[in-house]
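**Q** Chain by chain, the residues:
Number of protein chains: 2
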Amino acid sequence: MSLMIVGSMAFDALETPFGKVDRIIGGSATYAAWAASNFTQPIKQVSIVGGDFPQEEMDALTARGVDMEGVEVVKDGKSFFWSGRYHMDMNTRDTLVTELNVLGQFNPQLPDSFQDCEFLMLGNLAPAVQISVINQLKNRPKLIIMDTMNFWMEIALDELKQAIGMVDLLMVNDSEARQLSGEYSLVKAAAKIQAMGPKFLIIKKGEHGALLFHGKKVFFAPALPLEEVFDPTGAGDTFAGGFIGHVARTKDISYENMKTGIILGSAMASFCVEKFGPNRLKELTREEIEARIDEFVELVNFDINIK
Amino acid sequence: MSLMIVGSMAFDALETPFGKVDRIIGGSATYAAWAASNFTQPIKQVSIVGGDFPQEEMDALTARGVDMEGVEVVKDGKSFFWSGRYHMDMNTRDTLVTELNVLGQFNPQLPDSFQDCEFLMLGNLAPAVQISVINQLKNRPKLIIMDTMNFWMEIALDELKQAIGMVDLLMVNDSEARQLSGEYSLVKAAAKIQAMGPKFLIIKKGEHGALLFHGKKVFFAPALPLEEVFDPTGAGDTFAGGFIGHVARTKDISYENMKTGIILGSAMASFCVEKFGPNRLKELTREEIEARIDEFVELVNFDINIK
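Listed in order, the protein sequences are those of chains A and B.
Note that the first sequence covers residues 20 to 326 in my numbering.
Note that the second sequence covers residues 20 to 326 in my numbering.
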């Protein structure tokens, strides 16, 4: 049994109102694995990197219980590179550079030892790649979650809808949910997206929290109000990693347990944004995580007494 | 003992993506009184209207337990008029017309029978008017809450700061909190604003909910995700009315009880936006309110089990 994470491992260059970094480790699968490994191990990682990706980063993940057999290393290739600049509100950003590099030829072949995957997280990738991974699995996982982005809605909508129809839970941000559904109201958008297949939908709203929809039910988890949001890059993937890490550990795919997963994902995301890149995630202690979860409980916990 | 509400009673003309109305009842004190009267009566209303304000609207409030002795009627004057147009996201709006009319000469003289006020809500008004009301009270109320807006930060900042220094709880939206404090982070903004005097601060974020700050403590209440937000006018005043109505009924000004007040305020606001003007607030039943509160409990309630 295990959790499989499929996504990018990459370099990022970032500008925020608080600083600038030229070339740091990034990628959806990197952030997700660091977050999830706090809750469940082993994790089977599926990705592709160039010869420029640091061996010590691979080793650090291995040491965290992440099985790297599914990470293809193209020795003479370059890793995916993304560069962006954040606005003051940190919820909006401009892409400055996207160099697909080896990610453009990503055609994952799952190792046999990855066939026991019970929980599958498909990070934001070409829908064709997401579909190919699902089709390679001889046994359907208990839960398949996927992320995507507006880019695929624009250039590969049919394949994207096919992929969405194959998964149990879709995770998008609010503007993506609106674009995908054609509905401004997130309640209406959620109904339309669930009609495309996924029984669960998470709509991420950045600093405004996240919503979990399941049939007519809806659960809301806030983001923790922070003194400083230093770098929001990877926060969504970290959220997803914390969520699926908890679900995989408990093997409980109920709506109630997903609520806990969303709180844990939000807690992990609140750490992620405190430093550039995944650095904050690498150094977390169990005590820090538990204290942060307590802050979430304090943030939303109330007793109603109106009699 | 009673709750006193000071604010505008007015006409609004509104355009939203869903419709348009030319001249409907509005005003901060109108919305607040309708919301608060679900929880506590009598309410002492302090406002000013022109001869054009419909007597049946005054009578409807009286029938709801709102004492109108403090509402000055200027027979040959016109009521305050505001006209605005909402953008698609309903969180932003353009002011098209502001006609102060009789509100420009508002200089409330509290009736003697209003001196027993235990809870005071100062709606958005010129800070000089807010200060004058506080100064007319021989006994300090248990709790004074005030609303304001960016307009007063621009033209009467010194008086505004004086008013803020005299109240227990300030209620502003996120952009106003940022403008008032000069801090982008709402956590930092909250600390600076509390240093100006108020021991409690509520930051309203429209469809993204509301935050209550008290010292180092913070509580978050979401807005209910709705299929349709028809007209957000008055939602903030309705929120305030529900909040202070609950606090006045329970006579409990603890942080814990304020959390309940914020949930009730959010519930009332979620009704307010369902129709143009305060109409939805006028027809609410106890059962509808309790069912809506249950929806809030479902929305945020979770049990953490990570052991």
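Since the hints were derived computationally from the structure, they do not count as laboratory data.
Every residue gets a Cβ at the ideal spot worked out from N, C-alpha and C, and that includes glycine.
Do not take every clue at face value.
Claimed, not checked - With the Cβ distance kept under 8 Å, some of the chain A side facing chain B (calculated, not the full set):
hint, residue
1, MET107
2, ILE153
3, LEU156
4, LEU205
5, VAL206
6, LYS207
7, PHE239
8, LYS278
9, ALA310
10, ILE312
11, VAL316
12, VAL319
13, ILE323
To be verified - Cut-off 27 Å, straight-line C-alpha distance, at most; resulting in silico cross-link-like pairs (DSS-like, lysine-lysine):
hint, chain 1, residue 1, chain 2, residue 2
14, A, LYS207, B, LYS224
15, B, LYS218, B, LYS294
16, B, LYS236, A, LYS224
17, B, LYS236, B, LYS224
18, B, LYS235, A, LYS224
19, B, LYS224, A, LYS236
20, B, LYS207, B, LYS218
Stated by the list, open to error - Just so you have them, the derived chain B footprint on chain A, three or more residues with Cβ under 8 Å:
hint, stretch
21, 183–191
22, 216–228
**Q** Indicate, hint by hint, whether the structure satisfies it.
**A** Evaluation of the provided hints:
no.: 1; hint: MET107; result: holds (6 Å)
no.: 2; hint: ILE153; result: violated (29 Å)
no.: 3; hint: LEU156; result: violated (28 Å)
no.: 4; hint: LEU205; result: holds (6 Å)
no.: 5; hint: VAL206; result: holds (5 Å)
no.: 6; hint: LYS207; result: holds (6 Å)
no.: 7; hint: PHE239; result: holds (5 Å)
no.: 8; hint: LYS278; result: holds (4 Å)
no.: 9; hint: ALA310; result: violated (12 Å)
no.: 10; hint: ILE312; result: holds (6 Å)
no.: 11; hint: VAL316; result: holds (6 Å)
no.: 12; hint: VAL319; result: holds (5 Å)
no.: 13; hint: ILE323; result: holds (6 Å)
no.: 14; hint: A:LYS207 with B:LYS224; result: holds (21 Å)
no.: 15; hint: B:LYS218 with B:LYS294; result: violated (34 Å)
no.: 16; hint: B:LYS236 with A:LYS224; result: holds (23 Å)
no.: 17; hint: B:LYS236 with B:LYS224; result: holds (18 Å)
no.: 18; hint: B:LYS235 with A:LYS224; result: holds (25 Å)
no.: 19; hint: B:LYS224 with A:LYS236; result: holds (23 Å)
no.: 20; hint: B:LYS207 with B:LYS218; result: holds (15 Å)
no.: 21; hint: 183–191; result: violated (count 0)
no.: 22; hint: 216–228; result: holds (count 3)
The structure fails hints 2, 3, 9, 15 and 21 (numbered hints given earlier, in ascending order).
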